[in-house]
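Enquirer: For reference, the chains in residue letters:
Protein chains: 8
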Amino acid sequence: MTPTQLRELLEQVRLGHVEAADACTQVLALLRQSPIADLGFARVDHHRPIRQGFPEVILGAGKTPEQVAAIAENIVAHGQTLLVTRTTAETWELVRARVPDALFHPQARVITCERDPLPPGHGTILVVAAGTSDLPVAEEAAICAAVMGNPVERLYDVGVSGLHRLLSQHDRLNEARVIIVAAGMEGALPSVVAGLVHVPVIAVPTSVGYGASFGGLAALLAMLNSCASGVSVVNIDNGFGAATIASLINHL
Amino acid sequence: MTPTQLRELLEQVRLGHVEAADACTQVLALLRQSPIADLGFARVDHHRPIRQGFPEVILGAGKTPEQVAAIAENIVAHGQTLLVTRTTAETWELVRARVPDALFHPQARVITCERDPLPPGHGTILVVAAGTSDLPVAEEAAICAAVMGNPVERLYDVGVSGLHRLLSQHDRLNEARVIIVAAGMEGALPSVVAGLVHVPVIAVPTSVGYGASFGGLAALLAMLNSCASGVSVVNIDNGFGAATIASLINHL
Amino acid sequence: MTPTQLRELLEQVRLGHVEAADACTQVLALLRQSPIADLGFARVDHHRPIRQGFPEVILGAGKTPEQVAAIAENIVAHGQTLLVTRTTAETWELVRARVPDALFHPQARVITCERDPLPPGHGTILVVAAGTSDLPVAEEAAICAAVMGNPVERLYDVGVSGLHRLLSQHDRLNEARVIIVAAGMEGALPSVVAGLVHVPVIAVPTSVGYGASFGGLAALLAMLNSCASGVSVVNIDNGFGAATIASLINHL
Amino acid sequence: MTPTQLRELLEQVRLGHVEAADACTQVLALLRQSPIADLGFARVDHHRPIRQGFPEVILGAGKTPEQVAAIAENIVAHGQTLLVTRTTAETWELVRARVPDALFHPQARVITCERDPLPPGHGTILVVAAGTSDLPVAEEAAICAAVMGNPVERLYDVGVSGLHRLLSQHDRLNEARVIIVAAGMEGALPSVVAGLVHVPVIAVPTSVGYGASFGGLAALLAMLNSCASGVSVVNIDNGFGAATIASLINHL
Amino acid sequence: MTPTQLRELLEQVRLGHVEAADACTQVLALLRQSPIADLGFARVDHHRPIRQGFPEVILGAGKTPEQVAAIAENIVAHGQTLLVTRTTAETWELVRARVPDALFHPQARVITCERDPLPPGHGTILVVAAGTSDLPVAEEAAICAAVMGNPVERLYDVGVSGLHRLLSQHDRLNEARVIIVAAGMEGALPSVVAGLVHVPVIAVPTSVGYGASFGGLAALLAMLNSCASGVSVVNIDNGFGAATIASLINHL
Amino acid sequence: MTPTQLRELLEQVRLGHVEAADACTQVLALLRQSPIADLGFARVDHHRPIRQGFPEVILGAGKTPEQVAAIAENIVAHGQTLLVTRTTAETWELVRARVPDALFHPQARVITCERDPLPPGHGTILVVAAGTSDLPVAEEAAICAAVMGNPVERLYDVGVSGLHRLLSQHDRLNEARVIIVAAGMEGALPSVVAGLVHVPVIAVPTSVGYGASFGGLAALLAMLNSCASGVSVVNIDNGFGAATIASLINHL
Amino acid sequence: MTPTQLRELLEQVRLGHVEAADACTQVLALLRQSPIADLGFARVDHHRPIRQGFPEVILGAGKTPEQVAAIAENIVAHGQTLLVTRTTAETWELVRARVPDALFHPQARVITCERDPLPPGHGTILVVAAGTSDLPVAEEAAICAAVMGNPVERLYDVGVSGLHRLLSQHDRLNEARVIIVAAGMEGALPSVVAGLVHVPVIAVPTSVGYGASFGGLAALLAMLNSCASGVSVVNIDNGFGAATIASLINHL
Amino acid sequence: MTPTQLRELLEQVRLGHVEAADACTQVLALLRQSPIADLGFARVDHHRPIRQGFPEVILGAGKTPEQVAAIAENIVAHGQTLLVTRTTAETWELVRARVPDALFHPQARVITCERDPLPPGHGTILVVAAGTSDLPVAEEAAICAAVMGNPVERLYDVGVSGLHRLLSQHDRLNEARVIIVAAGMEGALPSVVAGLVHVPVIAVPTSVGYGASFGGLAALLAMLNSCASGVSVVNIDNGFGAATIASLINHL
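Residue numbers (my numbering), protein chains in the order written: chain A, 198 to 449; chain B, 198 to 449; chain C, 198 to 449; chain D, 198 to 449; chain E, 198 to 449; chain F, 198 to 449; chain G, 198 to 449; chain H, 198 to 449.
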C-alpha cells in the first residue's frame with residue numbers, strides 16, 4: 198500500500214464513498230501482510246514509503262544483475278517507484294526484461310521507473326558541478342532528486358578557477374531552495390557558493406583528481422572545514438545521499 | 198540598517214506615512230556608508246544580516262579577549278544581535294564591560310546578546326546528544342539555534358548502547374522539523390535516528406573518546422558512511438555549524 | 198594422530214583392551230614422526246589439532262591452486278578435517294581431483310571436507326549481517342564456525358537504518374551464546390546489538406562501502422570505539438578469525 | 198532490584214515461604230518504578246544489572262568530580278556495586294565523602310565499592326602485560342575483571358624481546374579460561390600468546406611507545422593482523438573493555 | 198665579504214681607484230678565511246649571501262635563546278643582515294643585549310636587523326590572508342619578504358565565504374608581481390586568487406581550524422589539488438619559505 | 198580574439214591604418230560574442246588567453262576521446278594553441294581526424310598543436326628528473342613548458358644516490374632561470390638542487406616507488422619539508438602544473 | 198675496469214711483470230673513458246663497482262623490457278655482473294637474446310648473470326620468512342645476497358603463531374652473521390628473532406595480509422616499534438634493499 | 198656473572214690455576230641463581246650480557262625516578278654497566294644517591310656508569326646529524342654507542358641544503374665502519390651519505406620540523422624510500438636503537 202493509495206482511500210471515506218469500518222478493514226488487511234518481502238538474498242521493505250517517504254532504493258554496487266532485477270521486479274509489483282543507483286547498462290538489460298518501461302540514465306548510472314508519484318517539493322533543487330569530470334556524481338544527484346518529486350535545475354562547469362562563470366549565474370543560485378554542490382580536486386566550490394546564497398548547501402566531494410587528492414579525501418576535508426555558513430557534507434561521490442537530504446528539506 | 202529597520206521603513210511607505218522618495222534617500226544614505234567597519238585587526242561586515250540573514254558571528258578561538266570585546270561592541274552598536282562562540286568566562290568579563298546585558302552560557306562556551314529579533318523558524322529544532330561528554334557541543338548547537346530564532350528542544354544521554362532510552366522518545370523525534378545529533382566514540386547515533394524519522398538529520402561528530410577515536414575521526418567517518426538516508430555532516434565539534442544549517446532549513 | 202584417535206586409544210587402555218605399555222609405544226612412535234610435513238613450499242603442522250583444537254587451516258589467498266591442492270591432500274590423508282578460506286572455484290577443481298568429497302561454498306569462498314568431527318560447542322553461534330553486501334564475510338564466518346563444530350544461526354539484512362528489522366528479532370539475539378556481527382559502511386550494528394544482549398559480540402568490519410569508508414577503516418574505527426560493553430573486534434573482512442574466536446568461546 | 202534480590206525472592210517462592218502472587222506483586226511494584234534516575238546531567242540506568250549483568254559503570258573521563266560523586270552515591274544507594282574508571286585521587290576524595298568504603302586503585306585509576314556480589318565466573322582470567330609501562334592498562338583490566346566476579350591472575354613484564362620469560366610461564370597460560378594481553382610498541386605479544394594456548398585472547402593495544410607508534414596505532418594494527426587464531430581486539434588503552442568481554446566469556 | 202662589498206671593490210677597480218692585482222689579493226685573502234664560523238653548537242655559513250643571495254637565516258624553534266643570541270651576534274659582526282624566525286620576546290631580550298638595534302615583530306615572531314641592504318626586487322609582493330587567525334603566518338611572510346628587499350603589500354581578511362571582500366580588491370591583486378596567499382580551514386583562497394590573476398601564487402596552508410582540519414592538513418591538500426593554474430605550495434605555516442621563493446622570483 | 202590579434206589591431210591603430218573608432222567597434226563586437234562556447238558537456242572559455250596568458254588546457258583524464266576531440270576542434274577553430282594532457286594514443290587518433298597537424302608526445306602523454314605563438318619567456322626552464330621512471334612526469338612538464346613559449350633544457354637520471362652525476366652538471370643548473378625537479382621515492386633531489394642554485398625550484402613529487410612510498414606521499418612530504426630555501430611544491434605527478442607556474446615566472 | 202681487473206694489474210706491477218709507468222698509463226686511459234654510458238633513456242654508471250662494491254643494479258619496475266635488455270647488455274659487455282630485480286619472464290626473453298647465459302629466478306622475480314665474482318662475505322646470511330606468502334620477498338633477498346658474494350641459508354614458514362617451529366631452529370639462528378627477516382601481517386617475527394640472537398637483524402615488512410594490514414603498513418610500524426634490540430628496517434617488500442645492507446655488513 | 202668474569206674463570210682453567218671441576222661447579226652455582234631479579238614492578242634480567250652482549254638497558258620514559266634508581270642500583274650491584282635512556286636530571290639525582298659515580302649527559306638525556314668494560318668494536322662509528330635540532334637524538338646515539346665499547350666520531354650540522362659542508366668531510370665519512378645519520382624535516386641526508394660511502398648506514402628520523410613533518414613521519418618515509426643502497430631505518434628519535442645495531446655490526 199503506497200501513500201497515494203492510502204490518501205485516496207481516506208479521501209473516499211471523507212466523501213462518504215467508503216465506510217470507515219470498511220476502510221479500516223482494508224488498511225488492516227494490507228498492514229497484516231508482512232511488509233518485508235524475503236527474496237532469500239534480501240528483504241525488501243514495502244512499508245518504507247510510509248515511514249520514510251520514498252520506497253526502498255537499490256544500491257546496485259555489490260549486487261549481481263540478477264539480484265537487482267529480482268528486487269526491482271518486486272518493488273514495481275507493489276506499485277512503487279523504482280530507483281537503482283550505481284548500476285550498469287548490463288544490469289538494465291535484465292531489469293528491462295521484467296520492468297519494460299524502466300529507464301537507464303548512463304551518465305548518472307541510475308535506473309528509474311516512476312510509478313506512485315511523490316508529492317512535489319516546495320521549491321527548486323539546484324545541482325552545481327565544478328567540472329566535467331564531476332558530472333556522473335552531479336547527475337546521480339539530479340536524477341535521484343527529480344524522481345523524488347523535486348524540480349531540478351543544473352549549473353555545471355563553474356569551478357572556482359574561473360570565478361566569472363559562477364558569478365554570472367548569481368541569479369540562478371538565488372532562485373533555488375536547496376543547492377547541491379559536487380566538486381573534486383580542492384573542493385572549494387561549496388564554500389564559495391554558500392558565501393553567495395542564503396539557503397542550505399549540501400556539499401558532495403567527488404573522487405575526481407589525482408596525486409594528493411587521495412580519492413576525494415582532499416575535497417572532503419576542505420568541505421568539512423568550510424569557512425562559510427550553511428554547508429553540510431555527505432560521503433565522497435554520494436550523489437544519491439545528497440539528493441535524499443535535499444529532497445527531505447524541499448518537502449518540509 | 199537591519200532587516201527589521203528596512204521592513205519597518207517599507208511598511209511606513211506602504212501606509213503612506215513616509216514618501217517613497219524620502220525612503221529611497223534614507224536607504225541610499227545608509228547603503229552609502231561602508232558596510233565594512235575596519236577595526237584594524239578585523240573587518241566587521243554590517244550588511245551580513247541582509248545578505249545572510251544573521252549578523253557576523255565572532256569565532257572566539259584565536260582572538261584575544263580584547264579583540265572579541267571590541268568587535269562585540271561594534272556589532273551591538275549597530276543594533277545587531279551578538280553571538281560569540283568558542284569563548285571563555287574571562288572574555289565575557291571584558292565583553293560585559295562594554296555590553297552590560299551580554300549573557301554567558303558556560304557549558305556551550307557562547308556569549309549572546311539579542312537585539313534585532315530574527316523571524317521565527319517554522320518548526321522545532323531537536324538537539325540530540327549521545328552522552329554527557331557530548332554536551333558542550335550539543336549546547337553550542339542549541340544556544341546558537343535558539344538565538345537564530347528557532348524553538349529548540351533537547352534530548353540528551355540517549356546513546357545506542359542502551360537503545361530503549363532512545364526508542365522511548367520516538368514521539369519527540371517525530372515532532373521535530375530538523376534534528377541535530379551530536380555523538381562521539383563510534384558515531385552511530387545519527388544513523389539510528391535517521392532510520393526512525395523523516396526529516397533532515399544534521400550529524401555533528403564530537404571529539405569525545407580515546408584510543409582509536411583519533412580526536413573524532415572515527416565518529417566523523419561513521420557519520421559520512423551512514424547507511425541511513427537523510428544524514429549530512431558538519432566538522433568535528435562544530436555545533437555552531439550544525440545550528441546554522443538547521444536554522445537555514447527551519448526558516449525556508 | 199588426531200585427538201579422536203588418541204581418545205580412542207586411551208579408552209581402549211581404560212577398558213583393558215590395550216596394554217598401557219603398548220599404548221605408550223604407539224603414542225611415542227607417532228610422536229616420533231615429525232609432525233611437520235614439509236611440502237617444499239609449506240610445512241603442514243599435523244599436531245595442531247592437539248595443541249589448538251583444529252587442524253591447520255589453509256588461507257587460499259596468495260597460494261597457487263596447485264599449492265592449495267597439495268596441502269589439502271596432505272591434510273585429508275592424515276584423517277583431519279579440511280578448511281580452505283579465500284579460495285576460488287578454480288582451486289576447488291584441483292582440490293576435488295585429490296579430495297573427491299570436498300565441498301565448495303561459493304558465497305563464503307570456502308572449501309570444506311569434514312573428517313575427524315570436532316567436539317560440539319555448548320551453545321549456538323549467531324551470525325548477524327547488516328546488509329546483502331556483507332554476506333560473503335558473514336558466510337565465511339558461518340561456514341567456518343559450523344565446520345569447527347558449532348550450531349550456527351544466521352540473521353541477515355538487519356542494518357541500523359531500519360531498526361525495526363533488528364528489534365523484531367530480539368528473541369533470536371538472546372538465544373545465542375556468542376554473536377558475530379558483520380557490518381560495513383558506518384559499522385554501527387555491533388554497538389546496537391551489544392546493547393541488547395548479554396553475551397560476547399565479535400565485530401567484523403567489512404570493506405563494504407565507498408568514498409570515505411576507506412576499505413573498511415570507517416567501520417573498523419567505529420567498532421573499536423563502541424560505547425557498548427562486550428564488543429571485541431577482528432580484522433576487516435576476517436570472517437574466519439571471528440569464527441575461530443567464537444568457536445573457542447563456545448567450546449569453553 | 199538487583200539480580201541477587203530477585204534470585205532470593207524466587208528462592209523464597211520455591212521454598213514456599215512467599216506466595217507466588219505476593220512475589221509477583223513485589224516484582225511488578227519494583228519494575229513500575231522508573232529504572233532511570235535522572236540527575237539532570239546524567240540518566241542512571243538501575244535496570245542494567247538485569248539486562249547486562251553488571252551495574253552502570255561510570256567513565257570518569259570528561260565528568261567533573263562532583264558529577265562522578267553524585268552518580269556514585271545514587272548507584273550505591275540502590276544497593277549496586279560501584280565501578281568508576283579513568284578517575285583520579287581528587288575525585289575519590291569527593292566520592293569517599295558520600296560512599297565511605299569506596300576504594301581507590303591508583304595504578305588502575307579505578308574506584309570500586311562492592312555491594313551486590315556478582316555470580317562468580319567459571320574459570321580464571323589471566324592478565325598478561327608486555328612491560329612495566331603497560332601496567333596502568335593491565336591493572337584497569339585486572340581490577341575491573343575482579344569486581345565483575347572473576348578470579349584474576351597477573352603475568353607482567355613478559356615481552357617478546359626476551360621470549361624465555363614468557364615460555365617459562367607456559368603452565369600459567371594454559372590454566373586460564375580467558376587471557377587478556379596488554380602490549381604497546383610493536384604489539385606482538387598477543388600473537389605469540391595465542392599461538393601457545395587454546396583459549397580466547399583479548400588483545401589490548403596500549404599507547405606505550407614513541408616515534409612511529411603513533412599513540413598505539415602500531416600495536417593496534419599489529420593485533421588486528423595477528424596471524425594467530427583466537428585473537429580479538431579492543432580499543433587502545435581500553436582495559437575496562439577487555440575486562441568486560443573477558444568476564445562475559447567467563448560467565449557463559 | 199658581502200656581495201655589496203664585492204660590488205664596491207669591483208667598481209673601484211673599474212674606476213681605476215684600485216689595482217686589479219690588489220683587488221685580487223683582497224678577494225683571495227677573504228676567501229681564504231674559512232667561511233664557516235664554528236660556534237660549537239652551529240656552523241654559521243658567511244658565504245651564503247654570495248651563493249644564495251641572503252645571509253643564513255636563524256630558525257629560532259629548537260634553539261635556546263643563548264644559542265640564537267650567539268649566532269645573531271656572529272652574523273651581524275660580519276656586516277650581514279639578521280633574520281630570526283619562530284622566535285620569542287624572551288629571545289629578543291638576549292639578542293638585543295648583543296645587537297642593540299635589533300627589532301622584534303611580535304605578531305610575525307621575527308627578529309630583524311638590516312645591515313647590508315639587498316638589491317631591490319622588481320615588483321611588489323602582495324601577501325593575502327583569509328582571516329584574522331592567519332595573520333601570524335602572513336606577517337612572517339610579509340616581514341621576511343620586506344627584509345629580503347621587496348616592496349610588500351598586505352590584503353587581509355578576504356576569505357572566500359564573503360567573496361565581495363576579495364573581488365572589490367581586484368585591482369590590488371593585479372598590481373602585484375608575486376602573490377603569497379595564507380589560508381587555513383578549507384584552504385580555498387589560493388585557488389580563487391589564482392583564477393583572477395596572471396602571476397605566480399605561493400600558497401601557504403596554515404594550521405588554523407579545528408576538528409577535521411588536522412593541523413592544516415585539510416588546507417594543504419586543498420592547495421595541492423588546486424584546479425587553478427599557477428599555484429605552488431609550501432609547508433604548513435611556513436611564511437618564511439613562501440617569502441623566500443617569492444623574493445627569488447621577484448629578483449629574477 | 199587572441200592576444201596576438203588584439204596586439205596587431207592596436208598596432209594598426211597606432212600606425213594610423215585603422216581608425217580608433219573602427220577598432221573599438223571590432224573589439225566590442227568580438228567581446229559581445231559570448232566567450233564561452235557551450236558544447237553541452239563543457240564550456241570552452243575563449244577569453245582565457247586574454248585573462249590567463251594561455252588558452253584553456255584540456256585535462257584528458259576523465260573525458261571520453263570524443264569529448265576531447267570536440268573541445269580540441271573548438272579551440273583550434275578559434276585560432277588558439279591546443280594542449281591536451283593525460284591523454285592517450287587512442288584519443289589522438291580522434292583528435293587528428295579533426296586537427297590534422299596535432300602532435301602526440303607518447304612519453305609525456307600530451308597532444309599539442311601550436312597556433313597563436315606565445316610571447317617567449319625570458320630565460321630557460323630546466324627540467325630535472327631523478328630517475329628513468331620519473332620521465333613521464335618530467336616530459337609532461339617539459340612539453341607543456343615548451344608549448345607555453347619557454348626554452349626548455351632537460352637533465353635526467355641524476356638522483357641523489359650518485360651525487361657526482363648531479364654535481365658534474367653544476368653549470369647547467371646555474372644557467373637556468375627556473376628549475377622543475379621531478380622525483381619519486383624519497384624525494385630528496387629538490388632539496389639538494391635548491392641548495393646549489395639561486396633560482397626558484399618547483400618540486401614535483403612523482404608516484405614512482407613502492408612499499409611505503411604510498412603513491413608519492415613520501416616524496417610529497419619530503420619536498421614540503423625541504424630544509425633548502427626556494428622550493429615550492431605542486432601535486433603528485435603534476436608536471437603540467439609545474440610547467441604552468443614555471444612559465445608564469447619565466448614570463449614576468 | 199672492474200676491481201678484479203685493477204687488482205690483477207696491480208699484482209702484475211708488484212711482481213715486476215708490468216712497469217709502474219705502463220700500469221699508470223693503462224689506468225689513466227681507462228679512467229679517461231667516461232664512466233657513464235649514456236643510453237639515451239638511462240646513464241649506466243660503470244665505476245659503481247669501484248665506489249660501491251657492486252655494479253649498478255637494474256630496477257625492472259617502470260622500465261620496458263627493451264630498456265632493461267639494452268642496459269643489461271651494456272653492463273655485461275663491461276664484464277660486470279648483472280642483477281635485474283622486479284622483472285618478468287617476458288623481460289627475461291629479451292635479455293636472454295643479448296645475454297645468453299642470463300638466469301631467471303621466477304619466485305624472486307630476478308634475472309642474474311654472474312661475471313666478475315665479488316669477494317666472499319665473512320659469514321652466512323640467514324633469510325627467515327614468516328609464511329609461504331612472504332617467499333617472493335624472501336627469495337628476492339636471498340638471490341640478491343648470494344649474487345653479491347654471500348653464503349645464504351633459508352629458514353621459511355616459521356611465523357610466531359606456532360612458536361615451536363622457530364624455537365626448534367635456534368641453532369641455525371645462532372650460526373648466522375646477519376639475519377634478514379621477511380614478514381607481513383602483524384610483523385612480529387623480527388622482534389622475536391632479535392630477542393633470540395646477538396647479530397644484526399634486517400627486518401623487511403611484506404605487503405602480505407588483508408584488511409587493516411594496509412599494504413604492509415601494519416607490519417612496517419610493528420617492526421619500527423620493535424621492543425627488541427638490533428632490529429633495523431627497510432621499505433615494504435624491499436628484499437633487494439635488505440640484501441644490500443646485509444651484504445655490506447657481511448663484507449666488513 | 199658477566200662475560201668478563203666468565204672469560205677470566207676460563208682463562209684460569211686454561212692456565213691450570215683452577216680445576217675444571219671447580220670451575221664447572223662455580224658456573225653451575227651462578228647459573229642456578231635465578232637470573233631474573235624481581236623488583237616487584239620490574240624483572241631485571243642479569244643474564245642478558247651473556248645472551249645479548251650488553252646488560253639490560255633502562256628506558257627511563259614511563260618509569261618513576263624511584264623505579265629507575267632501584268633498577269639502576271640492582272644492575273650496578275651485579276657488576277654490570279648501567280645505561281639509562283630518555284631520562285632527566287631529576288632522576289639522575291636519585292640514581293646518584295645509590296650509584297655515586299653515575300654520569301648524566303644532559304643533551305643526550307642519558308645516565309651512564311661503566312663497570313664491566315665491553316670488548317671494543319673493530320672500527321669507528323660515525324654519528325652524522327643534519328642540524329642543531331637533531332643533536333639530542335644524535336647524542337643519544339653517540340653516548341650509547343660509546344658505552345657499548347665503540348670508538349665514536351661526530352659530524353654535525355651538515356644538512357643537504359648546503360651540500361659543500363658535507364662534501365668537504367668526505368674523508369671522515371670513508372673512515373667509518375658504520376654510520377648513523379640523524380635527520381628530521383625532509384630526511385634526505387641518509388640517502389646522500391649512503392651514495393658517498395660503502396659501509397652500512399643506519400638512518401634515524403627525528404621529530405624535528407613543523408607543519409607537514411607530522412612528528413617525523415615525513416623523514417621516516419623518505420628514509421624508508423631511499424634510492425641509495427645500504428640504508429636501514431629505526432624508529433623516529435630512536436638514537437639508542439641505532440646505536441645498538443651499529444654496535445652489533447661493529448663487533449662482528
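If you're looking for bench data, these hints aren't it; they were derived computationally from the structure.
Among the clues, some could well be false.
[Said to hold, decoys possible] Label-pair distances were calculated between CB atoms; the ranges are: (1) F:275 with B:209: 35 to 41 angstroms; (2) B:303 with H:350: 55 to 61 angstroms; (3) F:297 with A:304: 26 to 32 angstroms; (4) G:365 with D:261: 56 to 62 angstroms.
[As the list claims (entries may be wrong)] Among chain A residues calculated to face chain C with C-beta under 10 angstroms, some are: (5) 264; (6) 283; (7) 432.
Glycine included, each C-beta is placed from N, C-alpha and C at the ideal position.
Enquirer: Confirm or reject each hint.
Expert: Outcome of the hint check:
1. F:275 with B:209: 35 to 41 angstroms: 55 angstroms, violated
2. B:303 with H:350: 55 to 61 angstroms: Cβ of residue 303 of chain B to Cβ of residue 350 of chain H: about 60 angstroms, so the range 55 to 61 angstroms holds.
3. F:297 with A:304: 26 to 32 angstroms: 31 angstroms, holds
4. G:365 with D:261: 56 to 62 angstroms: Between residue 365 of chain G and residue 261 of chain D, where Cβ atoms are some 58 angstroms apart, the hint holds.
5. 264: At 7 angstroms from the nearest chain C Cβ, residue 264 of chain A passes the 10 angstroms test, so the hint holds.
6. 283: Holds, because the Cβ-Cβ distance from residue 283 of chain A to chain C comes to roughly 8 angstroms (cut-off 10 angstroms).
7. 432: Where the cut-off is 10 angstroms and the nearest Cβ of chain C is about 4 angstroms from residue 432 of chain A, the hint holds.
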